[in-house]
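*Asks:* Here are the chains, one letter per residue:
Protein chains: 2
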Amino acid sequence: MEILTTKKQVREYVEKTRNSKKKIGLVPTMGSFHHGHLFLMEKSMLDGCLTIVSIFVNPLQFGPSEDFQRYPRNIEKDISILNKTGINAVFMPSVEEMYSKNHLATIFLPNLAEKLEGSIRPGHFAGVCTVVAKLFNIVQPHNAYFGWKDAQQLIIIRKMVKDLDFGISIIGVPTVRDVDGLAASSRNIYLSESQRKQALVLSQALQKMKEMVEYNKIRDAKTLISLGRGIIEKENVELQYLEAVELENLEAVEKIGKNTGILGAIRIGDVRLIDNIVWI
Amino acid sequence: MEILTTKKQVREYVEKTRNSKKKIGLVPTMGSFHHGHLFLMEKSMLDGCLTIVSIFVNPLQFGPSEDFQRYPRNIEKDISILNKTGINAVFMPSVEEMYSKNHLATIFLPNLAEKLEGSIRPGHFAGVCTVVAKLFNIVQPHNAYFGWKDAQQLIIIRKMVKDLDFGISIIGVPTVRDVDGLAASSRNIYLSESQRKQALVLSQALQKMKEMVEYNKIRDAKTLISLGRGIIEKENVELQYLEAVELENLEAVEKIGKNTGILGAIRIGDVRLIDNIVWI
Numbered sequence: 001m002e003i004l005t006t007k008k009q010v011r012e013y014v015e016k017t018r019n020s021k022k023k024i025g026l027v028p029t030m031g032s033f034h035h036g037h038l039f040l041m042e043k044s045m046l047d048g049c050l051t052i053v054s055i056f057v058n059p060l061q062f063g064p065s066e067d068f069q070r071y072p073r074n075i076e077k078d079i080s081i082l083n084k085t086g087i088n089a090v091f092m093p094s095v096e097e098m099y100s101k102n103h104l105a106t107i108f109l110p111n112l113a114e115k116l117e118g119s120i121r122p123g124h125f126a127g128v129c130t131v132v133a134k135l136f137n138i139v140q141p142h143n144a145y146f147g148w149k150d151a152q153q154l155i156i157i158r159k160m161v162k163d164l165d166f167g168i169s170i171i172g173v174p175t176v177r178d179v180d181g182l183a184a185s186s187r188n189i190y191l192s193e194s195q196r197k198q199a200l201v202l203s204q205a206l207q208k209m210k211e212m213v214e215y216n217k218i219r220d221a222k223t224l225i226s227l228g229r230g231i232i233e234k235e236n237v238e239l240q241y242l243e244a245v246e247l248e249n250l251e252a253v254e255k256i257g258k259n260t261g262i263l264g265a266i267r268i269g270d271v272r273l274i275d276n277i278v279w280i
Numbered sequence: 001m002e003i004l005t006t007k008k009q010v011r012e013y014v015e016k017t018r019n020s021k022k023k024i025g026l027v028p029t030m031g032s033f034h035h036g037h038l039f040l041m042e043k044s045m046l047d048g049c050l051t052i053v054s055i056f057v058n059p060l061q062f063g064p065s066e067d068f069q070r071y072p073r074n075i076e077k078d079i080s081i082l083n084k085t086g087i088n089a090v091f092m093p094s095v096e097e098m099y100s101k102n103h104l105a106t107i108f109l110p111n112l113a114e115k116l117e118g119s120i121r122p123g124h125f126a127g128v129c130t131v132v133a134k135l136f137n138i139v140q141p142h143n144a145y146f147g148w149k150d151a152q153q154l155i156i157i158r159k160m161v162k163d164l165d166f167g168i169s170i171i172g173v174p175t176v177r178d179v180d181g182l183a184a185s186s187r188n189i190y191l192s193e194s195q196r197k198q199a200l201v202l203s204q205a206l207q208k209m210k211e212m213v214e215y216n217k218i219r220d221a222k223t224l225i226s227l228g229r230g231i232i233e234k235e236n237v238e239l240q241y242l243e244a245v246e247l248e249n250l251e252a253v254e255k256i257g258k259n260t261g262i263l264g265a266i267r268i269g270d271v272r273l274i275d276n277i278v279w280i
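Residue numbers (our numbering), protein chains in the order written: chain S, 1 to 280; chain R, 1 to 280.
Be a bit skeptical, because a hint or two may be false.
[To be verified] Straight-line C-alpha distance at most 25 Å; calculated PhoX-like pairs for lysine-lysine: (1) S:K208 <-> S:K234; (2) R:K23 <-> S:K22; (3) S:K115 <-> S:K162; (4) R:K8 <-> S:K8; (5) R:K258 <-> S:K101; (6) R:K21 <-> S:K162; (7) R:K101 <-> S:K7; (8) S:K115 <-> R:K22; (9) R:K162 <-> S:K16; (10) S:K7 <-> R:K222; (11) R:K7 <-> S:K23; (12) S:K84 <-> S:K16; (13) R:K115 <-> S:K22; (14) S:K21 <-> R:K7; (15) S:K8 <-> R:K22; (16) S:K8 <-> S:K115; (17) R:K115 <-> S:K7; (18) R:K23 <-> S:K7; (19) R:K115 <-> S:K101; (20) R:K8 <-> S:K162; (21) R:K8 <-> S:K21; (22) R:K7 <-> S:K8; (23) S:K23 <-> R:K8; (24) S:K23 <-> R:K258; (25) R:K23 <-> S:K23.
Honestly, the hints are just simulated from the structure, not real lab data.
Work out the full structure: start from the sequences and follow the hints.
*Replies:* In structure tokens form, the structure reads like this:
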């Protein structure tokens, strides 16, 4: 596995591989790997891609009061994991390598980026879009892999790729869950044992709503959300949002059907967790 | 010369030429060609590039009260000119081909894009950056050519390319002038004969300031601007701005020196004209 730390090294590495005619797959991550990340990498390798994983905790996507400083970083462990996966290269730039001191250019997707997560984390998706666009331009992949766990992020990046004509296939990969149902997330390590038990209420509520749709054929969004809220509000967690939306534009829907999803966020102490179910 | 009207045609055309190992040069234009455009194309061809010219009057960069509808369009004449230049291909998409109905993604360069032209045309540079980023992603050129006449645009696009890691060389090409000194611009045809005479005051003021710097060694920005203002204000035109700035960040400078410029804009009736002198 090649370890690349500068943009120049990436461009040279990618240029060298052009002749192999192999597709390039990019898996953008913030490191601190869990099974969800490994699933993204496996998908890229299964697609026959020469696979490049990026590890970069992107300051631009964290708000001033958010967890940029304490976000889990485990570079050595991450590299030892990557060495076992069979991926081809890792790109792990410093913040100084990624951003010049007077960085200005920012990509906005008004409306889409302001809903749900965006309403709680203003500027978050502008930061995500900007760093992802940079990674796309540096790596120039054919495919890029994102998890459905961050559904809004996936939807926004797909829209950015379409609107700005990146010509890259954005592959959405299903959420990986622990045995207790909790969606895999690097932030799960923030949770104490008792908080983790409380946290399960979000995936449990989503699972219950999924069953109501799929087995009981209940499609009315209000009924489902009210059921989900009821389950979550029994626990001592703060429900930040729980909404049934059209996946393309994140507009509220009245009925669950193809290309809709229910997206939720809770806060336990100072840990925020998101999860969702989608019908795609 | 190949005439391409869809993004797909451009991608296929560019893919076909990859093997030739020739650099690709892109000349983005809004058509209605004048000598300035031809100079950009010549520069690309002289650089040995396979040269693609785009013609697209970009609605996103016009404000609601601006001249999008009446902006000069001369496609047949433009094509007959292009046929004589030796360029390789022209990309002339429709608005529908370029933008989906619900286009959202927009690239902002806060600060840089709000100064000078941006203060008078809010949103203009977001529109420019967005369409140029799209063209860059569709054509994937090695070089792209822009005129120094639109100095702020050139500076902003260079900054966007750097900040978003496009990996494209942005080549600035000197302003082409008519024999009377007026900077070549597609908007010059809006001017009546008497307005054209009045319009000369801007290039004349800039020329006078240039002489003061280069022959009289006057470098003090206030003195120069005051001289320039004096010349312009004698004519019956509206001076919108005349500023001495650092070219990299468009901040006001006190002294003219390397990498500074004086940028001006006037309005005559409902025609806006811009011009500048730069020391690069």
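*Asks:* Please verify whether K7 (chain R) and K8 (chain S) have alpha carbons no more than 25 Å apart.
*Replies:* violated, 28 Å
*Asks:* Are K84 (chain S) and K16 (chain S) close enough, with their CA atoms no more than 25 Å apart?
*Replies:* The given pair, whose Cα atoms are some 23 Å apart, holds under the 25 Å limit.
*Asks:* Hinted pair, alpha-carbon criterion (25 Å max): K23 (chain R), K22 (chain S). Please report holds or violated.
*Replies:* It holds: about 22 Å lies between the C-alpha atoms, which stays within 25 Å.
*Asks:* Given the hinted pair K101 (chain R) and K7 (chain S), is their Cα-Cα distance within 25 Å?
*Replies:* violated, 35 Å
*Asks:* Given the hinted pair K23 (chain S) and K258 (chain R), is their Cα-Cα distance within 25 Å?
*Replies:* Outside the cut-off at roughly 45 Å; violated.
*Asks:* Within 25 Å, alpha carbon to alpha carbon, are K115 (chain R) and K7 (chain S)?
*Replies:* Violated. K115 (chain R) to K7 (chain S) sits at ~31 Å, over the 25 Å cutoff.
*Asks:* Would the pair K115 (chain S) and K162 (chain S) pass a check requiring their Cα atoms to be no farther apart than 25 Å?
*Replies:* Distance of about 19 Å is within 25 Å: holds.
*Asks:* Decide if the proposed pair is consistent with the structure: K8 (chain R) and K162 (chain S), CA atoms, cutoff 25 Å inclusive.
*Replies:* holds, 13 Å
*Asks:* Holds or violated: are the alpha carbons of K8 (chain R) and K8 (chain S) at most 25 Å from each other?
*Replies:* violated, 29 Å
*Asks:* Would the hint linking K8 (chain R) and K21 (chain S) be met if the CA-CA limit is 25 Å?
*Replies:* Roughly 20 Å separates the two Cα atoms, so the pair holds.
*Asks:* Given the hint that K23 (chain S) pairs with K8 (chain R), does the C-alpha gap stay at or below 25 Å?
*Replies:* holds, 19 Å
*Asks:* Given the proposed pairing of K115 (chain R) with K22 (chain S), does the C-alpha separation stay at or below 25 Å?
*Replies:* violated, 45 Å
Violated hints, listed in ascending order, are 4, 6, 7, 8, 10, 13, 16, 17, 22, 24; each of the other numbered hints is respected by the structure.
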